[in-house]
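Colleague: Take a look at the letters that make up each chain.
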Amino acid sequence: MATKRPHPWRSLAVLLVALLVGVGLMATLGAWTPRLGLDLRGGTSITLTARPSAGQGAITPEKLAEAVEIIRNRVGAIAEAEVTTQGNDHIVVEVPGVGQDQIVRLVGSTAELRFRQVLAAAPVAAPPQPKPTPSKSPATSKATPKPTVGPSVKPSNKATKSPAPRAPGRAVPQAFRRNAPTPTPTPTPKATVPAPKATTPTVDNGKVRVSTTGASPEQMAALQKFKCADYTPGKDNFKQALFTCDREGTTKFVLGPAIVLGSEIADASAQLPQNQLAWQVGLRLKGAGKSKFAQASTQMYQLQQPLSQFAIVLDGKVVSYPVIQGPITDGQASITGNFSQQEATDLANTLKYGALPLRFETSQVSAVSPTLGSDQLTGGLVAGAIGLALVVLYSFFYYRGLGLVVVLSLAAAGALVYASVVLLGKSAGFTLTLAGIAGLIVAIGITADSFVVYFERLRDEVRDGRSLRTAVETGWVRARRTILAADSVSLLAAVVLYALSVGNVRGFAYALGLTTLIDIIIVFVFTKPLVTLLARTRFFGEGHRFSGLDPTRLGVPRERLAPRTATRASTRASSPKGA
Amino acid sequence: MSRLGAVGHKLYTGEVSLNFVGRRKLWYLISAVVLVIAIGAVLIRGLAFSIEFRGGVDFQAPVASGSAQNAIPGVRTAVVDTGVLGRAEPIVTSIGANQVRVETPPLSTDNIAKARTAIAKQLKVGEGQIDYSSIGPTWGAQITDKALLSLGVFLVLVMGVIWLYFREWRMSVSGLVALLHDVAITVGIYALVGFDVTPATIIGVLTILGYSLYDTVVVFDKVRENTRSISSGSRWTYSEAANLAVNQTLVRSINTSIIALLPVAGILFVGAGLLGAGTLKDLSLALFIGIAVGTYSSIFIATPLLCDLKEREPAMRALSRRVEQRRAGAAAKSAASGSAGPAAVSGTPGGAEGGEPAASGEDQGANGTRQSVPATSRAQGRPAGRPQSTSSRSAGRSQPQRKPRSTRRPKGHGR
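In order, the protein sequences belong to chains A and B.
Residue 171 in the UniProt record's numbering sits at position 171 of the first sequence, and the numbers go up by one each step.
Residue 84 in the UniProt record's numbering sits at position 84 of the second sequence, and the numbers go up by one each step.
Check before you lean on any hint, since a few could be wrong.
What the simulated footprint calls covered on chain A by chain B, stretch by stretch (three residues with Cβ under 8 angstroms from a Cβ of chain B suffice, anywhere in the stretch; the number is not a length) [unchecked claim]:
{"no.": "1", "region": "214-221"}
{"no.": "2", "region": "374-386"}
{"no.": "3", "region": "453-465"}
{"no.": "4", "region": "492-501"}
To be clear, the hints were calculated from the coordinates, so they are not data collected in a lab.
Keep in mind that this is a model prediction, so the values were computed, not measured.
We treat Cβ as the ideally placed atom computed from N, Cα and C, and that holds for glycine.
Here chain B stands alone, though its shape is the one from the complex:
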């Protein structure tokens, strides 16, 4: 417990840092493989659409005595004998120990009544106890159309909202890609495992969209905060700052996902365990998969992708170059000063400055004794940007560390 807290702390300060962004190729590869499997599964195996999509009638009847399993043949015969099905065969299965389910092609109202009577008679239960649901053949198509329409409208709106909020189209795009990634994988899992796709599943998948974005928005919010005035400094690149953001929000992401998954797990448990098939199970299954995938994608896909897009910007490329040069310079210096290196790391002001010579023009001027500064001119922009921390840091470290806020820019500028 306390260890978990401590890990959270270390992640926050950057003391412990998982290189999410740096290893993006690996994540992309993993996701690509999973996506190929998912899409392949959908193409090859297809989705098992429930009766709501195919059209038909679905009767559910309690079995008064004996086991549901034993009642199946009798029910099948009873339904077939009504003759309402023509040449079609009913699909009779058991739900749990004491329910029978009969699925037939679409029937007219009168024929539904006939079939229902036959089932009731066979099972010796009241007709009123037999639940049924009859779905017209075109209803499923309508549901699908509406779902696709919702998806499209939602995606467009969400791109707009994210863009408005972050003022950064790259974030919209990355968030969206992550979103599609989640939906594709969720659907793929359905195809792979052969879960029934019901309207409740569709609700679940659509809800995943919200969740996935919610998660992404929170991470991006931190990314934005960390990179607000990054281009005026040269201490770390966009990717590094973004990676720190992911690390800093990691505990939150995990907590959020756990908290989101817990109630869903509750529904899943009750839906699948206590009620058998139905809305609750279908819904929660989709949500469960989707939320898990959504958390993965906001960490491993959305942010790395954002970094890839960002690093293409000239300003960010220039920044990367500066950071590289500075680090090369620092490395050269520490190599030159030989055993002085460790001393520098240990936190003397001079050492710290030596490690990050170009961070601030003013600092530069103040400590102007060193000539190792490869680029004084690089300290363009706001001279006060990213003031130096006096806390120890290692010069060659590629992962940025976080300084106490009190040493950074005043809060009021925080936008």
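Looking at chain A on its own, in the form it has when it is part of the complex:
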């Protein structure tokens, strides 16, 4: 086993080269400090969890990647945000800076977008006005299109393209209900619209199913009893009618099955048509969405409100429910309304990026101020320093001179860890979080334990009657097996934790795994060679009182420790307990 000649200098040189390479890399990359996690530098982090939902199929890595891309686009414009996946079903969005409620809302609301026909609408029987007759309310009070915008010249750039009736998609009852509704009963912006009413009863060609009759009596009754809080995402099946509210919780709806899905939207943008003061949202559909929208709009524009209204439903909540004002056959529509630029942009973003392939739930949001972050960082560093100091003290106390080996090894390990953390931060995006720091501190113990195993073994070998120089080698052979076995258990724990966990746990596991690996490297190429070298010195080799290898304390005669200097080499007569 122990036949290989030790080459202590060579091993040390290898380590030195490795360290130099690390430092060189850091210099070339210009990275000298680790990337800190948001909990250490302050910021907002949002964890989204994909939830399986009706009719959407399984959660696949592809879909998750697609969702990440969409979210990235969505928040990218706002701040330097990082969007990453975690595990099989989590997306983590990290934004520096706190108080970014806007981003939280934006990210949090990235769910599926669907267009559904409005079957009935009713105000939420809230504090203000107790609307008496429900039957009426859907038609009248709710619609409240903005007369101002509606009738005006809706051509816009869209209009030119669309061959069909003048204006593409129509506008808007309270898209983002800014202005007081001022319920003007009959909207009728477009002349053509409401006339033909319930003419064609069953317009049900192809997959598009447009209701001409509105909500059934049962649905109306159910709507009466419905409360906004009753909405549960789990029951939201796009093939069926949906009871829900608008985002403000002021109006409740019965909506028909989804006609157009968010994934069928090619593009959406806020635009300010020439000669107009109001912003609008241009919308372009693609694929099947185009024809479905064409069919639906052709039928719907002839219907009475609210049946002529298309609810834009995001994550089960109605964002806007514009009235269709004419058939839109080319997939180009525009939504007009009393939008401000911000509102138009938000709606466009929602339309464009709301089309996530999966349903997400905001599992966790945490906002840490930079003050707290730096406190935590300081705390972590202080904890590390205390831990390190205690370990060093104890090592000197118990192992005397060998404590020097511990200190030097820990220093070398520290240097390697630091370089790795910095470089991994640069190359693999590894961020140091508070849990990560804890992992590193805990690892001090694990690293030091390797030395304990080796030193104890070394002393055992000496007790067994070997000379120190032999013991350094034979003890090592045995100690290294123990060290490897124990470290592999640690490593296994770290890998399992990393692979299966989320959030904080991962940072901890990563740090633990990294340091365990580095521990193995250090013990092999640094600690052991160093001990070999030290065993050649008089101080250690002859067991100075403070070397940690004092023969009298180990219960062996001094001459046995270093046979070179002793004449009697016989180990026979000198058993520890020798009479």
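On the provided structure of chain A, position chain B as indicated by the hints.
Modeller: Relative to the frame of chain A, chain B by itself:
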């Protein structure tokens, strides 16, 4: 100091030996009682799961002026007045002297913003200074699921690894039992004391697994070394050899645990003392308890359990019988030889041989003058196994002693 070293030495040679394995019934009893208390505590008192598991929002705000304690009522009113909580009541507590913490049920993004504004206004601090963390109601369940899954996967893998390494399923099983024992006790302590269980606690508990096993692996490694060719001799039983291993690694176990606990103590001190609640404190508390329990279990539970399992093997039972007979024979002989007994103990070669007559067939042949040998045939197997030491040993001693390595089998066979 030097006395500690000397104790280490005596433990190593077997001169001083603590009977860990022999008194296993006692340890089992102690652990059983502790386990019953722990499990009882979990069942009766339950665990105090933090907001991360229940779901909700946790605001932490600095108090600009005055004490945090005094600010609590105002903050509570301010939050309640926003109306975002409905009928629920916020839990407002102080952290340290100048931080207030508000816990509420889950809120929507808008309501979080409202509550935050209200708190900021009340305390007259900037909104940006208010940290919050909002946890969805199902998040905790997910964390728990993942933790349990990690636990399961880890246990299976670890059983495999230990088995591969030691080639001995009994070691896997004992290590695993010790591990579960540690986790149960740690969790029990949490239930008993009422510490908050946070995700950081879960990390801590999962890490304990690694630690506990690490410790057990080191002890088992020594056990294996001591028992490598034990069945070919009859000098001591498996349990005795294992007990020696525990004694020999005792100093290491203690040192390792101290060294592992020191940094954790550092985190605990800083986490609890300087930072108040938080990841560091939760993590280190779990680790601190777990490492301490883990060290205990690798000495008092894992190894004794291993011995119990091992002693059930026919080969080991046969070994125990042989050792017993041999010792009975030796005792009879020393009784017969009367005052010659002490002389034998004092280290004359004859005496030593007399004490351990059946250890080696060859020795037997060489000293064939004695007929007290109850079982020459027992020296089956490798005749050279466990050669005799010339160092003194007492015949009736139940604890094995260790001989200088140079008199034992050559190193090369050491696997």
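Colleague: Residue count check for the region 492-501 of chain A against chain B: does it reach three with CB-CB under 8 angstroms?
Modeller: Held - the region 492-501 of chain A has 7 residues with a Cβ nearer than 8 angstroms to chain B, which meets the minimum of three.
Colleague: Under 8 angstroms between beta-carbons, do enough residues of the region 374-386 of chain A, three at least, approach chain B for the coverage claim to hold?
Modeller: holds (count 9)
Colleague: Are at least 3 residues of the region 453-465 of chain A within less than 8 angstroms of chain B when you compare beta carbons?
Modeller: holds (count 8)
Colleague: Does the region 214-221 of chain A contain three or more residues whose Cβ lies closer than 8 angstroms to a Cβ of chain B?
Modeller: violated (count 0)
Checked against the numbered hints above, the structure breaks only hint 1 and satisfies the rest.
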